[in-house]
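Asker: The lines below spell out each chain.
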Amino acid sequence: MSDGPAEATLTRRQAYEKARRRRGIIIASTSTIIVVVALIVLVPMAPRWDRVRQSFFNWEIFKDSFPRLLDAFWLNIQIFLWSLPLIFVLSLLVAVARNTRSPALFPLRAAAVIYTDVFRGIPVILAIFLIGFGVPGLFDSRTWSNPLIWGTVALVLSYSAYVSEVFRAGIESIHESQRAAARSLGMTARQTMTAVILPQAMRRVVPPLMNSVVSLQKDVALVSLIGPVEILRQAGIDKAIYANFTPYVAAACIFLALTIPCTRLADWLMAREQARTGGTAVA
Amino acid sequence: MSDDLILSLRGIRKAFGDNTVLDGIDLDVARGDAVTLIGASGSGKSTLLRCVNLLEPIDDGVILFDGADVAEPGLDPDPVRRRIGMVFQSFNLFPHMKVVDNVAIGPRKVLKRPKDEARDAARELLARLDLEDRADAFPDQLSGGQQQRVAIARSLAMGPDIMLLDEITSALDPELVGEVLAVVRDLKSEGLTIVMATHEMNFARDISDRVCFLHNGQILESGPPEQIFGEPTETRTRDFLHRVLDAGRM
Numbered sequence: 016m017s018d019g020p021a022e023a024t025l026t027r028r029q030a031y032e033k034a035r036r037r038r039g040i041i042i043a044s045t046s047t048i049i050v051v052v053a054l055i056v057l058v059p060m061a062p063r064w065d066r067v068r069q070s071f072f073n074w075e076i077f078k079d080s081f082p083r084l085l086d087a088f089w090l091n092i093q094i095f096l097w098s099l100p101l102i103f104v105l106s107l108l109v110a111v112a113r114n115t116r117s118p119a120l121f122p123l124r125a126a127a128v129i130y131t132d133v134f135r136g137i138p139v140i141l142a143i144f145l146i147g148f149g150v151p152g153l154f155d156s157r158t159w160s161n162p163l164i165w166g167t168v169a170l171v172l173s174y175s176a177y178v179s180e181v182f183r184a185g186i187e188s189i190h191e192s193q194r195a196a197a198r199s200l201g202m203t204a205r206q207t208m209t210a211v212i213l214p215q216a217m218r219r220v221v222p223p224l225m226n227s228v229v230s231l232q233k234d235v236a237l238v239s240l241i242g243p244v245e246i247l248r249q250a251g252i253d254k255a256i257y258a259n260f261t262p263y264v265a266a267a268c269i270f271l272a273l274t275i276p277c278t279r280l281a282d283w284l285m286a287r288e289q290a291r292t293g294g295t296a297v298a
Numbered sequence: 007m008s009d010d011l012i013l014s015l016r017g018i019r020k021a022f023g024d025n026t027v028l029d030g031i032d033l034d035v036a037r038g039d040a041v042t043l044i045g046a047s048g049s050g051k052s053t054l055l056r057c058v059n060l061l062e063p064i065d066d067g068v069i070l071f072d073g074a075d076v077a078e079p080g081l082d083p084d085p086v087r088r089r090i091g092m093v094f095q096s097f098n099l100f101p102h103m104k105v106v107d108n109v110a111i112g113p114r115k116v117l118k119r120p121k122d123e124a125r126d127a128a129r130e131l132l133a134r135l136d137l138e139d140r141a142d143a144f145p146d147q148l149s150g151g152q153q154q155r156v157a158i159a160r161s162l163a164m165g166p167d168i169m170l171l172d173e174i175t176s177a178l179d180p181e182l183v184g185e186v187l188a189v190v191r192d193l194k195s196e197g198l199t200i201v202m203a204t205h206e207m208n209f210a211r212d213i214s215d216r217v218c219f220l221h222n223g224q225i226l227e228s229g230p231p232e233q234i235f236g237e238p239t240e241t242r243t244r245d246f247l248h249r250v251l252d253a254g255r256m
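Note that the protein sequences, when read in sequence, are chains A and B.
Whatever position you read off the first sequence (first residue = 1), add 15 for my numbering.
Whatever position you read off the second sequence (first residue = 1), add 6 for my numbering.
Chain A with its partners taken away, still in its complex shape (with noise of 0.2 Å):
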């Protein structure tokens, strides 16, 4: 992206383009700030808003608790770091069994049809609460009672039933005539489906599947309330030993540094695909 040419040179469905994304960007900015400086001066106004401050925006107890939190983060990040691979695995395996034609294997597709609707039926800290504390009561070890392992299970279930149907989504937008093309060279259906459409699905879903890795980045926070000490829950005991609402700020605030950048990466994804495969924008 050069500078346009010079003012002189400009024709004058130039001069006009070049006129309209300046008045343009002067009326975006002029907006903005009118809002800025609205919060800035009509929140503080708020008749209660030096309470507000001193139980939510407390610098010191920010400062105090931030650490901790932040160790305590480590747990969901590695709870999202188990949980992302068995998710991906899982679902794309139940799609695939969903998108057999062979009658042989018709007790796994109805397998896969049931699974995908128990657990989207489900929400996610329903299938937390009764995986987490329904199946430790098979085994009298107390190394199967761990709550993070029935936790992070719960999650991979409850995701891998959504994501499934985003994969399962992305194999049923290749068009019918590219299996047709595979099958006549004589490509049986399973190399057809790992060579030809596979392939294909997954550049397909990849922004889809960018924003549950978002909400998965959250949701993992679920898993608090079975037990793990992760962040949601060391900030609730921040909460209690400051009697301040400060430390859930905090939390709030380290999810967002991990998920903002998700998001804009998701949304960069979409809209390069969608340049691709869609028209240009109208103006």
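Check before you lean on any hint, since a few could be wrong.
[Said to hold, decoys possible] Partial chain B-side listing against chain A, Cβ under 10 Å, derived:
{"no.": "1", "residue": "L11"}
{"no.": "2", "residue": "I12"}
{"no.": "3", "residue": "R16"}
{"no.": "4", "residue": "F100"}
{"no.": "5", "residue": "M103"}
{"no.": "6", "residue": "K104"}
It is worth saying that the hints were derived from the structure and are not from the lab.
The beta carbon of each residue, even a glycine, is placed where N, CA and C say it ideally should be.
Here the structure of chain A is known, so what remains is to put chain B in place on it, guided by the hints.
Answerer: This is chain B only, laid out in the frame that chain A set:
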């Protein structure tokens, strides 16, 4: 003659729901011959080709390919398909693979050739079709005519006994039709057996050993091109040819 038949169709029937698309097709194709199917759209040409390649199961009839009935229910279609090449109207190249890999994928996956060997063979084949400089491009960087030639190369890479060409120039801009037809002409002169559906009547007249006119899922008339184009016996063949040739003259 009959001992040299590579493909014999007897009483092929195919319906999609209540819509009968093929209504008792008999057709013999001798080794090395070029047989052309002509007829209005919806007359069943494409479906017939897809049935021969077992992409569509037939409802009734016999498909004798090299002496064996390949329409036998329960028969594994993959070994049959690898000997039958098919080229589609809309190319159907694999967009995520380079041109050379599009051509090499069949031999690699189906014939289990090592990757390098399959690619070398693919490059040779592309060179024969004047496409060697496009080998490392992706399909969407090619013109329609080039894409269709790659699709032909992809089929040829399997060393098929017969090629089915399903209106392979219908999706091309007029100035690109010639380069694709030239390839087909070469294949025919090399002795490859070809069954094709086409709207290119001059080409059909030129290259075919036999022309079949399909109407409502039946072969109404078939014979050497001079006869079908010169003195068709059926009124409906005459009407069809008039319509097509008049449109071409405009």
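Asker: Are the hints correct? Go through all of them and say.
Answerer: Results of checking the hints against the structure:
1. L11: Violated, about 22 Å.
2. I12: violated (17 Å)
3. R16: At 23 Å from the nearest chain A Cβ, R16 of chain B fails the 10 Å test, so the hint is violated.
4. F100: Hint holds; F100 of chain B Cβ to chain A Cβ min 6 Å, cut 10 Å.
5. M103: Since chain A brings a Cβ to about 8 Å from M103 of chain B, closer than 10 Å, the hint holds.
6. K104: violated (13 Å)
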